[in-house]
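Under this note's numbering, think of the first position of the sequence shown as 665, with each following residue one higher.
FYI, nobody ran anything at the bench for these hints, they're computed from the structure.
Among these hints, one or two may not hold up.
Said to hold, decoys possible - 20 angstroms max Cα-Cα, derived SDA-like pairs, lysine to any residue:
{"id": "1", "residue 1": "950", "residue 2": "859"}
{"id": "2", "residue 1": "990", "residue 2": "973"}
{"id": "3", "residue 1": "1035", "residue 2": "857"}
{"id": "4", "residue 1": "1035", "residue 2": "1017"}
{"id": "5", "residue 1": "782", "residue 2": "859"}
{"id": "6", "residue 1": "726", "residue 2": "762"}
{"id": "7", "residue 1": "726", "residue 2": "811"}
{"id": "8", "residue 1": "869", "residue 2": "933"}
Stated by the list, open to error - Pair by pair, the computed Cβ-Cβ distance ranges are:
{"id": "9", "residue 1": "1021", "residue 2": "891", "range": "17 to 23 angstroms"}
{"id": "10", "residue 1": "992", "residue 2": "892", "range": "41 to 47 angstroms"}
{"id": "11", "residue 1": "835", "residue 2": "1085", "range": "20 to 26 angstroms"}
{"id": "12", "residue 1": "1021", "residue 2": "958", "range": "37 to 43 angstroms"}
{"id": "13", "residue 1": "829", "residue 2": "1055", "range": "42 to 48 angstroms"}
Cβ coordinates follow ideal geometry from the N, Cα and C atoms, glycine included.
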Amino acid sequence: MNKLYLYRSLSVFFSLFCLFSVAKSQNSYSGEIQYKDIQSFRQGEKLMIQLYMDISSINLPKQLIISQVPVIVSTEPAQEYVFDPIILTGAVRSKVYQRQKEDYLPQGKDPLLYATRKNGEKQLYPVLLTAPYAEWMRNANLIFREEVSGCAHCDLGKKEIVVADPILAPVHTPTYALQYVMPEAEPVKHRSETYAAHLNFKVGKYELLRDFENNANVLAQVDRIVSEIREDENLAIQALEIVGYASPEGNYNANLELSKNRTYAFVNYLVRFQQLSESMMKTNWKGEDWEGLRKSVLASSLPDKEAVISLIDRNEDISKRKEQLKALNGGNTYRTLLNTYYPPLRRIEYTFAYVARAFDLEEAKEVIKSKPQHLSLNEMFLVANSYAKGSEDFNRIFDIAVRLFPEDPIANLNAAVQEIEMGALDRAIERLQQIDCAEAKNNLGVAYARKGDYIQAGACFKRAAEQGNEVAASNRQELDKFLENR
């Protein structure tokens, strides 16, 4: 064989061997980059991710460069947020990188982290990632997209490394407990019911005539009411109060006397036709019912109602008040008052005071259908709890209770629980703010929490817990867990 040819062949082989050896040595790096102490949290409108990047265990050939781009990735919905890259170089490659940074970085950007690997030495670096928070990030992952390259930017491998899955811990779904309060039993159930009889009398007269205008219908209703109450074996009548009223036209003193005489005319009717004892009746008469007029006008759509209210309120002199009302709007307003608003003021009100007996549960379930006013709050509570919580019957009983006992704090507290469950949070808060007990504070905390006012919710739970309310203490823990990883 020609010696020159052999020499050239050996030279080519040696060159290829050297190139292969160098390429093999630069194929990638050995060891593994570690990501330690990963902490993710939401801070206001920002998502913060803290971690340590440990490159101590890798062996990075001097000609290689590693680019790792942190990315927040969500599949549902498909979105991502890309951070600036992290750059790691070998000893020689660092000089090239310093001269050609623009080849590895977005224009005008600096790397999150730049480090030259010193093989065999411990190298640990803190990394802080900050992104504008978006709700989709709650269930997203943090990945590092890695690209390794050698001289002349030759690609030596790409991969994705999952660093956090998911980034944020799932939000704790709080379960807040509401509290109903059982009302105390009433030793004696004192009750009263008031009815109005709009009877008609001839002008200036007080004789009660059944066949005059609509009196027959009115008296038939009176007879029915009185009979029902007298014949109800569940009731023991204690007293009957009768009060007469007149409308405010004519002479004030004459109207006062008229209301008195008409009151006694009604008493005489009850004694004669209902055989009620006059000794059980208490009588009173009010004369002209200005308070009733004011209420009806205030609730009306009368064009001059503000002027009418003002005249009533500022004039203590009844005669002057009447004169100014007659003159208002050329007399048109007074005619409307006289024809529409005065007639209902002429009436007899009669109020039965009685004691209702106690009922067991099955009796109470029947009584509440027709005579709920005969039950105590305690009895209503027991009836409500005989039904499934949250059922239509359950809710209906508490609604009846608060309508019959609108000023009772326990009735309002229990009604507020229903309103919270139904989402009527503002109404519930208004009720509960008027009630001073630990259960009300706890329920108020739940209302605020559901409304998203966590500061107020926490304060309410805290105050209730300080009063020994264990439910509120548990609710406070639920709120804290929710806020921890929110």
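Hint-by-hint comparison with the structure:
1. Among the hinted pairs, residue 950 with residue 859 is consistent with the structure: their alpha-carbon atoms are about 16 angstroms apart, no more than 20 angstroms.
2. About 14 angstroms separates the Cα atoms of residue 990 and residue 973, which keeps this hinted pair within 20 angstroms; it holds.
3. Restraint check: the Cα-Cα separation between residue 1035 and residue 857 comes to about 11 angstroms, which is no more than 20 angstroms; the hinted pair holds.
4. Among the hinted pairs, residue 1035 with residue 1017 is consistent with the structure: their alpha-carbon atoms are about 15 angstroms apart, no more than 20 angstroms.
5. Among the hinted pairs, residue 782 with residue 859 is inconsistent with the structure: their alpha-carbon atoms are about 98 angstroms apart, more than 20 angstroms.
6. Straight-line distance between C-alpha atoms of residue 726 and residue 762 comes to about 14 angstroms, which keeps the hinted pair within the 20 angstroms bound.
7. The suggested pairing of residue 726 with residue 811 holds, with an alpha-carbon distance near 16 angstroms, which does not exceed 20 angstroms.
8. With a CA separation close to 16 angstroms, the supplied pair residue 869 and residue 933 stays within the 20 angstroms bound.
9. At about 19 angstroms, the beta-carbon gap between residue 1021 and residue 891 stays in the expected band of 17 to 23 angstroms.
10. One distance hint, 41 to 47 angstroms for the beta-carbon pair residue 992 and residue 892, holds here, with the actual separation near 44 angstroms.
11. The supplied range of 20 to 26 angstroms is met by residue 835 and residue 1085, whose beta-carbon atoms lie about 22 angstroms from each other.
12. Taking 37 to 43 angstroms as the suggested C-beta distance range, the pair residue 1021 and residue 958 conforms, at roughly 39 angstroms.
13. Separated by about 43 angstroms at the C-beta atoms, residue 829 and residue 1055 satisfy the suggested range of 42 to 48 angstroms.
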